[in-house]
Amino acid sequence: MNKNIILYIGILIFGLVAPFIFPAFKVQLSILCVLIVLALTWNIQGGEMGYNTFGNILFYGLGMYLCASVQVGMFFPLAEWTESGGEKTFVHTPAQFFQGMAVGLVVAAIIPTIIAGLIGYAILGLRGHYFAICTLGLGVAAGEISGGIEIIGAGQGFTTPPFPDVGGLEARGEFFYLLSFGALVLTFITVRAIYSTRFKLILNAIRDNEDKAEAMGIETMKYKIIGWMISAFFCGLAGGIMGGLVGYIDSTDVAFDGREMGVFMVLMAILGGKGTLWGPVIGATVFHIFKEGFWTFFLGWQYVALGVLIVVIVIYFPEGIMGWLREKYPERFGEVIDEADRKAQVELK
Amino acid sequence: MDFMVFQYPMITIQACLDGILLGVLFALIAYGMALQWGVMNIINIAQGDLVILGGYIAYFMYLYGIHPAWGVIVSPIIMYFVGVGIYKLVINKVVDRDLFISILATFGISILFMQLMNFAFGADVVLANSGYGTTFLFDSNVVLPNSKIFSAFISILFAICLVIYMKKSKLGRAIRATAQNARAAKILGVDTEKVYAATFGINAALCGVAGALISITFTIHPYMGLPYTIRSFMIVIVAGLGNLPGVAMSGMGLGVFEEFADYILGTEFRIGAVFLLLVLILVYRRFKLSRKREYLK
Chain A
1 MNKNIILYIG
11 ILIFGLVAPF
21 IFPAFKVQLS
31 ILCVLIVLAL
41 TWNIQGGEMG
51 YNTFGNILFY
61 GLGMYLCASV
71 QVGMFFPLAE
81 WTESGGEKTF
91 VHTPAQFFQG
101 MAVGLVVAAI
111 IPTIIAGLIG
121 YAILGLRGHY
131 FAICTLGLGV
141 AAGEISGGIE
151 IIGAGQGFTT
161 PPFPDVGGLE
171 ARGEFFYLLS
181 FGALVLTFIT
191 VRAIYSTRFK
201 LILNAIRDNE
211 DKAEAMGIET
221 MKYKIIGWMI
231 SAFFCGLAGG
241 IMGGLVGYID
251 STDVAFDGRE
261 MGVFMVLMAI
271 LGGKGTLWGP
281 VIGATVFHIF
291 KEGFWTFFLG
301 WQYVALGVLI
311 VVIVIYFPEG
321 IMGWLREKYP
331 ERFGEVIDEA
341 DRKAQVELK
Chain B
1001 MDFMVFQYPM
1011 ITIQACLDGI
1021 LLGVLFALIA
1031 YGMALQWGVM
1041 NIINIAQGDL
1051 VILGGYIAYF
1061 MYLYGIHPAW
1071 GVIVSPIIMY
1081 FVGVGIYKLV
1091 INKVVDRDLF
1101 ISILATFGIS
1111 ILFMQLMNFA
1121 FGADVVLANS
1131 GYGTTFLFDS
1141 NVVLPNSKIF
1151 SAFISILFAI
1161 CLVIYMKKSK
1171 LGRAIRATAQ
1181 NARAAKILGV
1191 DTEKVYAATF
1201 GINAALCGVA
1211 GALISITFTI
1221 HPYMGLPYTI
1231 RSFMIVIVAG
1241 LGNLPGVAMS
1251 GMGLGVFEEF
1261 ADYILGTEFR
1271 IGAVFLLLVL
1281 ILVYRRFKLS
1291 RKREYLK
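For the protein sequence lines, the chains are A and B, in the order given.
Start counting the first sequence at 1; every next residue gets the next number (my numbering).
Start counting the second sequence at 1001; every next residue gets the next number (my numbering).
Once the Cα atoms are required to be at most 16 Å apart in a straight line, the calculated EDC-like pairs of lysine to aspartate or glutamate come out as:
no.	chain 1	residue 1	chain 2	residue 2
1	A	K26	A	E174
2	A	K328	A	E339
3	A	K212	B	E1294
4	B	K1292	A	D211
5	A	K291	A	E260
6	B	K1186	B	D1096
Pairwise CB distance ranges, derived in the manner of DEER restraints:
no.	chain 1	residue 1	chain 2	residue 2	range
7	B	R1183	A	D208	24 to 34 Å
8	B	G1131	A	F317	46 to 56 Å
9	B	L1089	A	T93	55 to 65 Å
10	A	V308	B	R1183	25 to 35 Å
11	B	K1170	A	D208	40 to 50 Å
12	B	S1140	A	Q156	33 to 43 Å
13	A	F317	B	L1241	22 to 32 Å
These are computed hints drawn from the structure, not numbers from a lab.
This one's a predicted model, so the numbers in the text were calculated from it and none came from an experiment.
Don't be surprised by glycine CBs; every beta carbon is placed ideally from N, CA and C.
Please work from the sequences and hints to get the whole structure.
As structure tokens, then:
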């Protein structure tokens, strides 16, 4: 246990100083933090609960739009802002910007949580592939519908408030990095905390056999909804941060981007190993490094690579990195191996 | 919101006819989806992209001066081999696995196809002009392009041919046997691997026909695949697997729904309405079944 605490503190310190060691990668590191948050929250559904959702992108996109709208709407008329597009007729003062961001992030986290609670009862009653397709539909529908709403920019997109003139680009990068790293730490602590309680066991029971879990007296629906609400909270938060970081929100290409972000979160969790705490973190890191390398050197072919990557991971690597490690070093994962039994099994083969 | 559609009967008739003619095409794609779902127990997210690929084959024939209607013959033949190729490369590894694996793997194929088509054919919206002219009904208040009538006719023709083929031929019998019980079929000497490959090929060929017809009647674009997948999925879950009249009816119903959504909500919400309808249908079924303490299987 002691070793773990040292490890966590080490990672925390590394995370805090990372942008100062690698100043050129600030934005990439911030995006990585957001990706890890998304992978961790997807893992609550896909890994622990066995509900493979494509719909968490809904909360991410909602959070993005909500945060930006609140940030603008608190001080200026929203409709005129979006109408002016790229040309800024209104300028946030630094105080307004940070105030708006703070309130915006709170709203961006809370409203998706409420929405998850409201639709959860209807959607989470579906199982297996029906749930997957239904949530896929939900995400795409949200993108298409938000692309038709005038007040948030419709098809032409929504420019989020630019970072105020304090410290220039450096300060902007550090601000968003610290924000996303804070979100990551918060998410990780929450997820770790809930994984050490009975809640995780209930989620696993739902994954393994929902009917039996219900027969044992667990109100499965309640726990499924709570799990989804936790995911929605952090997805919304991540979306809000990402909106500010990217600086521009488009309905189908940035916010409700089921073809990119929506698949990324699934892929990262599977690549790392679903149903583990560290899997999504490792998966997201590996995936992000791979993706950025590919995006930089083979521009234009990224979706081809992505498609191939999905197929390869899903078919040949469904257990992920953590699953592979577990197979290789079972002792490290606390599995006790009876040597005699193993030998007997090998002989049987 | 615009409810003019109900005040003028001619617009209503126009929307209904358009919807029915469009729905026949949807039903053809959905038939392919029901086939592979029933036989191989996979859900193919790349269905729509196969349709679009088929459409591009017809479009290219049009570019090289051949009448695009011939695409109805050529496209399924090429698509059959594309389908078999996809089966050999990817699908045969996901057939016995969890359905979600197949969804995710075909999602990957879908992204791959989308981007490859984008490279190969460009990101423009294209259509193959068939030059069939239009039919005017009711004092030219209702306008029907002949190409739509042609496409509906061809779809019905192909569907009938396929039904007869499935009933009478040896391969059709093998496919139906595999759908009923793959293990028993294997024991009785059916080469299920071949049956699966043929099923996926036939599905791709159907998509090819539908795509060729879509390129004549509507427009095609590399990124337009997913809505077709969702539509066919929706039709199949409304009708149920192996319910052919149901597939035809719900396909036409969906077509009419879309045309009315187009008139009432505006074109920008058309795809959104389709996806929302899917969610609503699933939720409705879920509440209906949950009264009996069951769930969608």
